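Protein chains in written order, with the numbering used here: chain A, 1 to 335; chain B, 1 to 288; chain C, 1 to 348.
Don't take every hint at face value.
Claimed, not checked - Listed next, the in silico DSBU-like pairs over lysine-lysine satisfying Cα-Cα at most 35 Å (straight line):
| hint | chain 1 | residue 1 | chain 2 | residue 2 |
| --- | --- | --- | --- | --- |
| 1 | B | Lys-11 | C | Lys-107 |
| 2 | B | Lys-284 | C | Lys-107 |
| 3 | C | Lys-107 | B | Lys-4 |
| 4 | A | Lys-61 | C | Lys-336 |
| 5 | B | Lys-67 | C | Lys-173 |
| 6 | A | Lys-61 | B | Lys-4 |
| 7 | A | Lys-153 | B | Lys-284 |
| 8 | B | Lys-187 | C | Lys-293 |
| 9 | A | Lys-153 | B | Lys-187 |
| 10 | A | Lys-61 | B | Lys-11 |
| 11 | C | Lys-336 | A | Lys-153 |
| 12 | C | Lys-236 | B | Lys-67 |
| 13 | C | Lys-293 | C | Lys-173 |
Simulated from the structure, these hints should not be mistaken for laboratory data.
Nothing here was measured: the structure is a model prediction, and the numbers come from that model.
What follows is each chain in one-letter form.
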Amino acid sequence: MAVIKLENVRKVFGDAVIIPGADLEIRDGEFIVFVGPSGCGKSTLLRLIAGLEDMTSGVIKIDGRDVTEVAPAGRELSMVFQSYALYPHMSVRKNIAFPLMMAKMPEDQIKAKVEGAAAKLNLTQYLDRKPGQLSGGQRQRVAIGRAIVRQPKAFLFDEPLSNLDAALRVNMRVEIMQMHQDMKATMVYVTHDQVEAMTMADRIVVLDRGNIQQVGSPLDLYNKPDTLFVAGFIGSPKMNFITGAIAEKHKAATIGVRPEHIDVVSGKGEWQGKILLTEHLGSDSFLHVEAGDAGRLVVRAPGEFSGKPNDKISLKPDPARIHKFDAQGLAIRSK
Amino acid sequence: MATKQALVLGKWALLPSVAVLAAWSFVPLALTIYFAFLRYNLQDPENTGWAGFSNFYYFFKDPYFWKDLLNTILLVAGTIVTTVVGGVLLALLLDQKFWGRGIVRLLVIAPFFIMPTVSALVWKNLIMHPVFGLFAGIQRFFGSHQPIDWFGKFPLFSVGMVVSWQWLPYAALILLTALQSLDEEQKDAAAMDGTSTLNYFRYILLPHLARPITVVILIETIFLLNIFAEIKVTSVGGFAGNLTYLVFSQLNDATDVGMAAAGGLIAVVLANIVSAFLVRMVGKNLEA
Amino acid sequence: MAIKQSRNKTIFLTIVAWAIGIIMFFPIFWTAVAAFKTESDAYSLPQNWLSTPWTLENFAIVQERSDYIRYIFNTTVIVVLSTLLGLVFAIPAAWSMAFAPNPEPRKPTNAKTWLTMIFGALVICFLGLYFTDWKPVNFFVGLALLLIFVVPASLWAWNQNTSGTLLWMLSTKMMPPAGALIPIYLIFNRNGLIFKDWGWINLSHFTLMDSFWGMVPLMTLLNLPIIIWMLFTYFKEIPVGILEAARMDGASLWNELYRVLTPMALPGIASTCLLNLILSWNEAFWSLNLTNKFAAPLSFFISEYSSPEGQFWAKLSAASIMAIAPILVVGWFSQKQLVRGLTFGAVK
Ligand SMILES: Nc1ncnc2c1ncn2[C@@H]1O[C@H](COP(=O)(O)OP(=O)(O)O)[C@@H](O)[C@H]1O
Ligand SMILES: [Mg+2]
Chain A
1 MAVIKLENVR KVFGDAVIIP GADLEIRDGE FIVFVGPSGC GKSTLLRLIA GLEDMTSGVI
61 KIDGRDVTEV APAGRELSMV FQSYALYPHM SVRKNIAFPL MMAKMPEDQI KAKVEGAAAK
121 LNLTQYLDRK PGQLSGGQRQ RVAIGRAIVR QPKAFLFDEP LSNLDAALRV NMRVEIMQMH
181 QDMKATMVYV THDQVEAMTM ADRIVVLDRG NIQQVGSPLD LYNKPDTLFV AGFIGSPKMN
241 FITGAIAEKH KAATIGVRPE HIDVVSGKGE WQGKILLTEH LGSDSFLHVE AGDAGRLVVR
301 APGEFSGKPN DKISLKPDPA RIHKFDAQGL AIRSK
Chain B
1 MATKQALVLG KWALLPSVAV LAAWSFVPLA LTIYFAFLRY NLQDPENTGW AGFSNFYYFF
61 KDPYFWKDLL NTILLVAGTI VTTVVGGVLL ALLLDQKFWG RGIVRLLVIA PFFIMPTVSA
121 LVWKNLIMHP VFGLFAGIQR FFGSHQPIDW FGKFPLFSVG MVVSWQWLPY AALILLTALQ
181 SLDEEQKDAA AMDGTSTLNY FRYILLPHLA RPITVVILIE TIFLLNIFAE IKVTSVGGFA
241 GNLTYLVFSQ LNDATDVGMA AAGGLIAVVL ANIVSAFLVR MVGKNLEA
Chain C
1 MAIKQSRNKT IFLTIVAWAI GIIMFFPIFW TAVAAFKTES DAYSLPQNWL STPWTLENFA
61 IVQERSDYIR YIFNTTVIVV LSTLLGLVFA IPAAWSMAFA PNPEPRKPTN AKTWLTMIFG
121 ALVICFLGLY FTDWKPVNFF VGLALLLIFV VPASLWAWNQ NTSGTLLWML STKMMPPAGA
181 LIPIYLIFNR NGLIFKDWGW INLSHFTLMD SFWGMVPLMT LLNLPIIIWM LFTYFKEIPV
241 GILEAARMDG ASLWNELYRV LTPMALPGIA STCLLNLILS WNEAFWSLNL TNKFAAPLSF
301 FISEYSSPEG QFWAKLSAAS IMAIAPILVV GWFSQKQLVR GLTFGAVK
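Take these sequences, add in the hints, and give me the full structure.
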């Protein structure tokens, strides 16, 4: 449906540089996720694409057309807001029909489209209610319904699930992914939750303080983080970082090993340590280990792991999975 | 945040209001300043020209000026003390649980909606009249043969009474709203901590009410400085006139535009001193 | 309070509160009773108002003697028109400040804007010269005032950041009427603004004194800061996201305002109108000074009863009740919103 291209996009609020300069190409039909800690500029970047904010400088192109000076209405994008932003004075039917009304579509077509969308989203019986009479999940569906009826060039989502409770969030996540598969539309999705990003994205854009740190598929980011920031942000629990003598041995300023890439071994491992506490999740156990020079590490062990706090254990990292970073926090790769 | 288009439009949407308000607040003021230095009497069209500071000079020399200035201050201060103290008590009462709270609220707030001319005449004639008034009736009931002639003997006090009756509901309503914003949990926590009523009032309520009380004081001051109708329709301007009334009578009775303008300027200065505080108060609120 | 209150305390509080409520309301109640009594019964104290006969004659006499209908008509015209005119100015202004706020004072205005403003002022002055004859405030004084005060003041206030503009608007409300009375009086009466007979139409007898042409805009100006403030606080509560959603949905600015913002702001606009209604209904200073018959509102009508003519209390009471009843009802309905309007949002 659409290719969105950002060229050297810059945004400054007063003295604060929020987006220092972003280049990005969003491919046709892909599900791209902007992820980063809150306040890093994800929403700002999305709103720049939507046209809700003006860029300080730079160019945005949609399907090759320069839309830098085009108002939001002219960009033919749909957006789902974190707060849903439904029109409280209109019924669900009117809410969903609004973009079509604005596009001056004939009444009968609007009716058909609205009912189609409502059926798809299980909203048929709520069509004549006001948003105030719906639950959070239903409101979210209405917001999505309003976005999909119009067949826009691309969908923009700004943390659409963050106001839902955990169970509902997982359901909606699946529904949105399903929707993407059915419609094959370009979707730009903003979240601060890296699990959401990993599970949903075709490609992930990791942002830190307005800078695009790395763009790539979830596995790329997981396996080959370009920077210390990406390495720490992607993956749960967080990657362990070790500095000092041990890192120097690997000719790096910092090395990183994910908890799942450290094994508990009997006999002599690479690092010795003492268990501080254990978290049992059933399938896995996470051990917090005080490991001498290596510092405090988190290690993944099998669910049935029986070690107790204060037990001494030996640890062995998977040498192929040790990430090396230089003093600037950039990854050191052998060739 | 708005986009450029909205900002540009917003800028122009604001202009008409700003322009008319600027005209309204500066043109009359400028003309008043201009007139204050003119010899200009409507009954004496021949006598024109610059008056220098003589309008001010005569105004300050006029014994009415000092009396009316004092009246203005007494009226404002007296009414504020009455309404704020009464308002706090009334608000505390209305914040309690009792039967018919909604109706009592309506009864208490009613005086605020009464036209100043009406309340002044009703109080003067039906309530405080020395012979047929309600107060006189009560006094007679208690055996007095010489009921007080309120507006005759104590004109300023009587006007203050009428004005306080009108403004007490305002103070009470605003303080009540502020009280209700004190959240239930805070009240309950205080009760759980075994806070005594007096301490509760002293350490929780009063600090919470400090801001709304200041707002009430400042806004009442602005309006009370300009009390006019109550004085005019009760015909006590000669005894209990305030600055506003004096300006009116200079214009209306003495037809002296220059003098009236000088008086108006003094009123402006007085009001500005108060409004400087008020604007600062509200401004603080804006940023918060 | 969440903590349960003893029954005795409730009874005690009920008695005290009702006593105070009744005392506060008593003057109004007393007036209402007297309005329905004959003159001589109205004077008798203690008045046994249950046994004396009730009558409606006072209302008829008041209508006959001072033409109540005319005054209430005038009041309604002034109040309604000034409110509508106020909204015309205030809605765009409040919209602008709530949704396109200006976070920082704008850069000193450029020469083009200055020239436009000064040109505008000149046009107004020439129109003034053509249509009017100001005495002793002649054309040049008017021009000077516009150029020296209004243009820079407008530009200054206009280019403030939004909270600066708002505060400035508030401060215009602080101006005591005594400071403006003299020039306004002179402009209104024929000492000031005199229109010419310029051939095709003769307006040389036109005067703003005692006319709707004068009273309606004046009332609008008096209350404009309050209207703008109140609308602003209501608009502020509308989440910007909803307007942005409309923009994303392809709504033009007109549709955004007309189909989304206005319906959502309607309750706020209604309470603003009510407050404005109350304030202008009860306005007395300017009404007493600038009207006397033709465009005089109810506050003037009542003031005619200030000089006693024989027994007049029942009639005074009837007139008073007729003057206050409509607005009292409006006031009761809008008491909650009043707090907001009358404290400029400083207490919510
Ligand atoms: N209108 C604005 N004015 C000034 N600063 C803003 C504005 N909007 C956002 N910011 C700042 O920009 C930064 C990024 O905001 P945002 O894009 O909302 O972050 P995210 O969505 O990643 O949590 C934040 O530090 C925020 O304070
Ligand atoms: Mg965000």
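> What are the numbers of the hints the structure violates, in ascending order?
Replying inline: 4, 7, 8, 9, 11, 12
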